Every structure is written in C-alpha cells, then in structure tokens.
Amino acid sequence: MSIEQFKYSSIPAEAEKLRVEVRAFLQQELAEFPNIKRADSWIGFDAQFSRKLGQRGWVGMALPKQYGGSDASAFERYVVMEELLAAGAPVSAHWFSDRQSGPQILKFGTEKQKNFHLPAICRGEQYFCIGMSEPNSGSDLASIKSRAVLQGDKLIVNGQKVWTTNAHLAHYMIALVRTSEGEKRQQGLSQIIIDLSLPGITVRPIKDLVGGAHFNEVFLDNVELDADAIIGTEGEGWSQVTAELAMERSGPERFLSSMALLNSLIGIIGTKPDALQAKEIGRLTAKLITLRNMSLSVTQQLSEGKSPVWAASCVKAFGATFEQEIPELAQALCDISPTSLGGSEHAQVLAYLMQMAPSFSLRGGTREILRGIIARGLGEN
Amino acid sequence: MRDIFDSTIERFFLDMVSTEQVLHAEKEGWHEELWGSLDELGFTLAMAPESAGGAGANWTDLCGVARLTGSYSLPLPLLEAIFSNWLLSLCGLDPLTGALTFAAKSDLKLIEEKLTGVLQDVPWGRYAGHILAIVPEAEQNHLVVFTSEQIESVEQVNNVAGEARDTLVLAQVKPAFSTVLPAQFPANILQLGGAMIRSAQIAGALHKAMNISHEYAAERVQFGRPIGSFQAIQHQLAQMAEHVTASVISAEAAFSGSPDALDPLAVCAAKICTSEAAGVGASIAHAVHGAIGFTHEHPLHLLSRRLWSWRSEFGSETYWAKQLGEAVCKHGYQDFWPAVTAGHFDTFQKEIRE
Ligand SMILES: Cc1cc2nc3c(=O)[nH]c(=O)nc-3n(C[C@H](O)[C@H](O)[C@H](O)COP(=O)(O)OP(=O)(O)OC[C@H]3O[C@@H](n4cnc5c(N)ncnc54)[C@H](O)[C@@H]3O)c2cc1C
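Chains as they are written, first to last, in my numbering: chain A, 1 to 381; chain B, 1001 to 1354.
Incorrect hints may appear among the rest.
Covered, in the sense of this in silico footprint (three residues per stretch, anywhere, with C-beta under 8 Å from a C-beta of chain B), are these stretches of chain A [unchecked claim]:
| id | stretch |
| --- | --- |
| 1 | 272 to 281 |
| 2 | 310 to 319 |
| 3 | 359 to 372 |
Calculated from the model, a selection of chain A residues having no Cβ within reach of chain B, i.e. all distances over 10 Å [stated by the list, open to error]:
| id | residue |
| --- | --- |
| 4 | P103 |
| 5 | N136 |
| 6 | V203 |
| 7 | G232 |
| 8 | S264 |
Since the hints were derived computationally from the structure, they do not count as laboratory data. Note that the structure is a prediction, hence the values are computed from the model and not measured. Even glycine gets a Cβ: it sits at the ideal position worked out from N, Cα and C.
All chains, full assembly: derive it from the sequences and hints.
Encoded structure:
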C-alpha cells in the first residue's frame, strides 16, 4: 500500500544534539545577513560559506569517512539541512552535490570517481549541477536528444541542456544523455559526469522574471570526455535518475522555500493577530509541522536503503502547494503592497517570493507530473 | 502489540461491521450486540493497566485501531471508552465497562457539593452508562463521572452521520466518582483527547474513501475506457492522496506522545490537517463516483457523512488554527522555527492548560 509507506518517524535524540551547534554557528555567521537575502533560500550562492560548512563536516556528511564524509546518519544530515534552510543560509553552491550528485556517485560510481569527487564535495569545494532538461524535453525527460558516443577511448558529447541551475558556477554537471538506442525510449540513456571547464562547452545564463540569473543554457559541442565518465551502467541512466529523484523530491527544501516570508509575516502581524490572521498562521504552522513529519518519514525510508519515489512525490507536491500559499496569504492578510524598490523589507521579501513562487511547482518536476506519478502509484497497491 | 490490535480489530470489523450493520445502527441508534462483543474482546480496556484487567497499551499501539474505526464507520464510542478508561486509570480510578463516553463541552457549577449544568455534544450520550466530564476550578480541576441514572434530561442531537451527539442536563447531582485531575492534564483534556481520536478516524475514513474511489475509477468505463485513465480524474485522486498522507502522518504523530499525557501541539496540528483534508477528500470522492455515489444505496456516504461531521467535532480546523496562530504570534517569529522543531509552543501549551 502506498500510504502505508508513510510511517511516523521522529528525529533520534543522537541526531537532535547537532541542532544546537548548527544554530550557534548560523547565528554567528549570518548575524548581518538581511531577510531579503535569506529569501533566496537554497538558491543563494556563497562558495566561502559552503567551504566553512565543509570544514565543519556538514557537507556530504552522510558519505563514508573513507571518502571525506562523516558517516553521519540520514537524520543528522536532515537536522543540518533544515537548520540551514530555516535560517535562509546561502547553500546553493554545494546543495546539489550534497543532495544528489555525491550520493549518486557513491551509489553508482567507480572507485576512481568516488576518490576523485567525494572528498572535494565534502570539503565544500566541488560543485555540481543537474543536466536533465533540454529545450524540447522538460516533463518528457526520456525524449532527450543530447548524445554521447564512444570513439576509441573517448566519449564525445553533443547536445544542449537548459534551465541548468548553477551551470555558470559549478565545476561539474551530471548529465543524462543518450548513449544507445533501445526498444523503449527509457532504454539507452546514461548518466555522465561532465567537467564544465572542458573545450566545447558554452554556458549562457538565463535571466529569470525576478531579474536573477540562476539557471542557464548549456551547449555541448563535441565535448571530449574519458570513456569512464559514465556513472553506473551504460544504458541504465533512466532507473538511476528515477532513484535520484527520490532524494531530490523529499527534502525540507521542498516546503521551506518561503520560510523568510513566513517569518517576516509573523513579525509584521505582531503579537495581536486578528481572527483571520491567527487562523491562517495557525493553519500554516500545522501544515509545516505535518510536512516536516512527512519528509522525515521519507528520510527514514531512504536511510533503510529504499527508493520511495511515490512518497517523495507526495512530499514535493504537497510541499509546493504550501510554499506557494505563503505569498498568497501574506498578500491577503496584511494591507502591504509588494515593492521592488523602496518599501519595507517585508514588502520586498513579499515581492520577491511572490515572483519566485511559480517555479516551486516546476523545478524538480511539475505538479502535474508528480500527480501523475502519485495516481499511478495508487494502482500499484 | 500494535500489529495484534490492528489485525484483531480488522478481522472483527470485517465480520461484524458491514454496511448493513452501520446503516442499521444509524436507524436504531445503538448496536448493543456489537458493543457487547467489543466489550467482551476487552478492547475498551486496551489502555487500562494490566493490574486492572487492561492490556496496558499506549496510544501509538492504538492509532491503527482508531484509523480502522474510521474506515469501517464503527457506529459506537469505542475510542471514547478507551480514552475514558485511560484517563480514569491515570486519575487513580478503576476502569469502567459498559457504554462509556465523555463530555468535552460543559458548564458544570458546583453548588453545595452538587453539580448543575449542561453537557453538550456528548458522543452517544443517551446510550452511555457512564459519562466523564471536567469541572474546572481555580485551584485544581476535577474529573467527575456521572451514571445515566443521574441525567435529568436528554436533548437528542444527531450529527450528519446519524451518530448521537446529545445534550445532557444535570440538576444538583453528586457525581458517582470525583477526583482531582492530575497536573499533567489541562482543563481541556477531554477536548484534546476527542480531537486526537477524530483526527485518526478522519484519516481512516479518508484512506478508505480514496481506495474505493481509486477502485471505482479503474472499473467505471466511459468513452470506451476506464475513467481512471483520464488525467483529470488521476489528478483529483492524487490530490486526495496528498491529503490522506498528511492526515495519516499527522494523526500518527498525535498518537505518538508519551503514555501518560497528550501532546497538545501534535494533536492540534492533526485536527487542523485532517479537518481540512476531510472536506477536500469527501468532495473528490464524490466527484469521482458520479451519480451512483450520491445514492443511499452506495456506501460512499457512510464515509463522507462522517467526514463532514467529524471535522467539526472537538474543535474545527478554524477553532484549533486560531488558537495555534495566536500562540505563534504571541511568541514572535524568532521563536517560530525553534518551537516547530521542539514540537512545543510555550504559550500554546500554557493556554491549553488554563
Ligand atoms: C527555477 C528552475 C530551476 C530549474 N533547474 C533545473 C536544473 O538545474 N536542471 C534541470 O535539468 N532542469 C531544471 N529545471 C527544469 C525543470 O525540471 C522543468 O522546468 C520541468 O521539468 C518542466 O519542464 P518544462 O519547463 O519544459 O515544461 P513542460 O514539460 O513543457 O510543461 C509545461 C506544462 O505542461 C504540463 N505537462 C507536460 N506534460 C504533461 C503531461 N504528460 N500531463 C499533464 N501535464 C503535462 C506541465 O505540468 C506544465 O504545466 C528548472 C526549472 C526551473 C523553473
């Protein structure tokens, strides 16, 4: 039963101990960090900050010690992640390596790949981006056209990726490309590691509607990789990506993106809310508590080595609705116009997250795609 | 212990609590034979200590049972009785057998050692042999127990599902039992307990409603294919699944507190999330079922009428959300996240206690 996958799991006391330390660190590091910056949530990029986290063992912490990690439990990692997100720390530099590229390399990579990438990831020095989407392949990921062809001992890559967050700042991309033809479209895909400093790669930032430039177009023109750039098995890219998505879709970043605004809203409402304000703040609080419990339950499943794709989709779909509701409610509950210049910090945070909100149910898989996965999963009971 | 409880009660419900039985109980009001069997199985004493003939279970062991009473529309106050006996035991009183319930809403006044007042929304009140209530007093709260003979008059009230939710009038009664409510329990412990129970029952009923909707969508053919192959239907079912998941997890969290107290924040979060889900879920289940689901003959209404009732009982979504929101705002945003992770808002806990 799909629903029965969800078992209530709380954070073990051992992992909970870390929280004090992380909070103290963040209080000091981010003492002067304004709320409008915190509103960036996990797209705020600061390599120096990531390295500091690395020094503390808080990047790639669940990876084995032998590769530079801390052998931390999934829950210890969860505590660190959620504290970083709740504080609005600039974690984007290492976020993708920590969340998915590192674990993916650990799970499917060769010893050489592990030794080369994982220690640098754990130091907070090596950053990855995720090359899945292409101009004609968004939701329909299996239709991608970028290809890698073996020529002698080289793998030659051609094609184009788009919406690649951080491609302009990251060192490596894990790209999904076609390496052979199979009977089904899902066959013949592979995951490869691309060093973004190689010749033949052009990265062009794309400005988003708020004015930021976080995602990019990436052109791959006869890029020459060593044949061992493939992660895992040639042709098994689809099932590997599916497993990766369970990690990508269930974490606390799938419901904490509007935290800066929720905090700001509580502050603006003050200690004497009217009935409507009290009701909506209470409702959001209850949702947040429950989403966190849902996400922790998926963390438990991940830590047992399962691949809870269905459950992760539930967390992300429900979480995105919550994150998107916050700007709507903030706008409705207080008579404060959002501003892009001037106005209070609250007005600016409201403006920023209101404009960011549409992306919450697009990035990482759209609401419609997630709901398709959820509905089909009900049939697999 | 949980697995045994779950499987025992589910087997019992499968045998004994059919659609016909539930409808029969709705018409007759009370199913004495069913209650007798549950009493015999010892389920009403599940949380009473072993020394008192109980099973010494904790709330986590019973969340599955509570969810199942929801999915099978059990037309009896089983959880009310389990809760009452748990509370009686922790108050140093002996557990009770027979139909047992509690009144979360009351305005009892103590005049010359006798109690006068009205108990409202009492689940199965007119059929209960014993009824628990709280008398709040300045120094300490009291737990009192009345017997059915002590009730002066009954105003019969039914919820949308035909379940008795009566108003009971008391005139100068000396309760059958009375004791000081231990300090770990807030004055609204009965409401909190009721909210916890209903949240799990809603989760159970919603889960069942989702399963039958999904099955129906796979069977019903229109335009030459099962309606479940239409994306509009799939997405409604998926949205329902998101809410069912949230309901199940929040109810499980509410039941996972300590063995001798309730966790007000977890209970409050559960009642808010499940009460919202009840409306969304009932509406989707009906949409998917089409006209057949709108008939008396189809069993969907057993679930939807209970969802429409239970979401308002022991505090609606709005009731709890307002209390929680006030506490959150009183704390201010600096305390917000720390309180969420600690599972504890001081002022919320304190006000619940007052
Ligand atoms: C801020 C941001 C960051 C991103 N970062 C990355 C990244 O780092 N790496 C990366 O690879 N990608 C990234 N993406 C891309 C993201 O994964 C895609 O946007 C997403 O998969 C949807 O693809 P699309 O935008 O092409 O929309 P489309 O697939 O064209 O969809 C448009 C609409 O049609 C709906 N639709 C499509 N197919 C169906 C269907 N079968 N049934 C019902 N509805 C359907 C969609 O739900 C959507 O509503 C990012 C996107 C955003 C917005």
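Hint by hint, here is what the structure shows:
Figure legend: the stretch 272 to 281 of chain A, annotated as covered by chain B; annotation consistent (8 residues with Cβ-Cβ distances under 8 Å, at least 3 required). For the stretch 310 to 319 of chain A, the proposed coverage by chain B is satisfied: 4 residues have a C-beta within less than 8 Å of a C-beta in that chain, meeting the threshold of three. Using a Cβ-Cβ cut-off of 8 Å, 4 residues of the stretch 359 to 372 of chain A lie near chain B, which meets the minimum of three, so the contact claim holds. For P103 of chain A, the non-interface assignment is confirmed: its Cβ lies about 24 Å from the closest Cβ of chain B, beyond the 10 Å cut-off.
With 10 Å as the threshold on Cβ separation, the claim that N136 of chain A sits away from chain B holds: the shortest Cβ distance comes to roughly 21 Å. For V203 of chain A, the shortest C-beta to C-beta distance to chain B comes to about 36 Å, beyond the 10 Å cut-off, and the non-interface label holds. A cut-off of 10 Å between C-beta atoms confirms that G232 of chain A is not in contact with chain B; the least separation is 30 Å. Taking the minimum C-beta to C-beta distance to chain B, about 7 Å, the non-interface status of S264 of chain A is violated against the 10 Å cut.
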